[in-house]
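Going by this note's numbering, the sequence shown opens with residue 374, and the numbers climb by one from there.
Careful: at least some of the hints might be erroneous.
Stated by the list, open to error - The calculated label-pair distances, taken between Cβ atoms and stated as ranges, are:
hint	residue 1	residue 2	range
1	D509	S653	44 to 54 Å
2	E650	D547	26 to 36 Å
3	E570	E508	13 to 23 Å
4	E505	R479	36 to 46 Å
5	E477	D616	21 to 31 Å
6	S617	D552	22 to 32 Å
7	Q621	D459	15 to 25 Å
None of these hints come from the bench; they were simulated from the model.
A virtual CB, placed ideally from N, CA and C, is assigned to each residue, including glycine.
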Amino acid sequence: MKKGLLFTGVLSAGLLLAACGNGSENAESTASGSTTSEDTVIKVASHTTPMTDIVELAAEVVEDPYTIELVEVSDNIQYNEAVLNDEADASFAQHEPFMEVFNEERNGDLVAIQPIYNAVVGFYAPEYESIEDIEDGAEVAIPSDMTNEARALHILDAQGLIDVPDETFVTVDDITENDKNLNFTHVDLLNLNASYEDGVDLVFNYPTYISEIGLTPEEALFLEEDDSNRFALQIVTREGNADSEKIQALKAAFTSQEVYDYLEELAASGHLEPAFENPSEQ
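Build the full structure now, drawing on both the sequences and the hints.
Here it is in structure tokens:
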């Protein structure tokens, strides 16, 4: 049976617990000891489209007795804090390497349980028409967080612009070849659009963010070439909750035919690629 979405709105980190809790007054139980209504609400933290759109779609198809509540946050930290602090049951906003860094920094117990899609990331250039136009000493804006910095550097390596070791986590300090003497500037992921608008020569970005300034992956100077899904966006929860009925219901909704078909629509525009098999072909 299809369900409607329960939506909390944009929350600050300090308000997550107060805004997301249903309260004991909403819990309903029967004399036979059936699952309470509070136990059947699956809170999922996310922060931007198309991730929030997918949460909404999953909410429409999740099976009884469950409903999905979107906990919409405003940055790339709050969704992990919400799950770690049990203010949300799961998040849908990150790839596994990003989660691993969070666990290391916060002594967390988050686990990635299901890849959903792989964003088509790449580099955008305000002036260059081709990779051959890149000048000696060009400025390159890359994300300031460890995982996306590594992703950006691996893309540049694949294009022959630099050489880095074949390891998941690399930094600019690991560059062994830089024939064009590229100059790297670390920028917060959410501020990379401003770097492009300021005229930085090469700017890494995600399709979700770059679309805010009217660009699409078709206009990228070059895109990532990686079939491993190493950086696929994942459902993330706490280790102790991974096998719970709530999380299994969430996983089933996120890998439903309806979600897959929606991802295929987005894939047609070049923004992403589904990271799980078509349910109709299984």
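Hint-by-hint comparison with the structure:
1. Between D509 and S653 the Cβ separation comes to about 51 Å, which falls inside the hinted range of 44 to 54 Å.
2. Roughly 35 Å separates the CB atoms of E650 and D547, a value that falls within the hinted 26 to 36 Å.
3. At about 20 Å, the CB distance of E570 to E508 agrees with the hint of 13 to 23 Å.
4. Between E505 and R479 the Cβ separation comes to about 44 Å, which falls inside the hinted range of 36 to 46 Å.
5. With their beta carbons about 24 Å apart, E477 and D616 fall inside the hinted range of 21 to 31 Å.
6. A beta carbon spacing of about 52 Å between S617 and D552 contradicts the range 22 to 32 Å that was offered as a hint.
7. For the pair Q621 and D459, the beta carbons lie near 18 Å from each other, so the given range of 15 to 25 Å is met.
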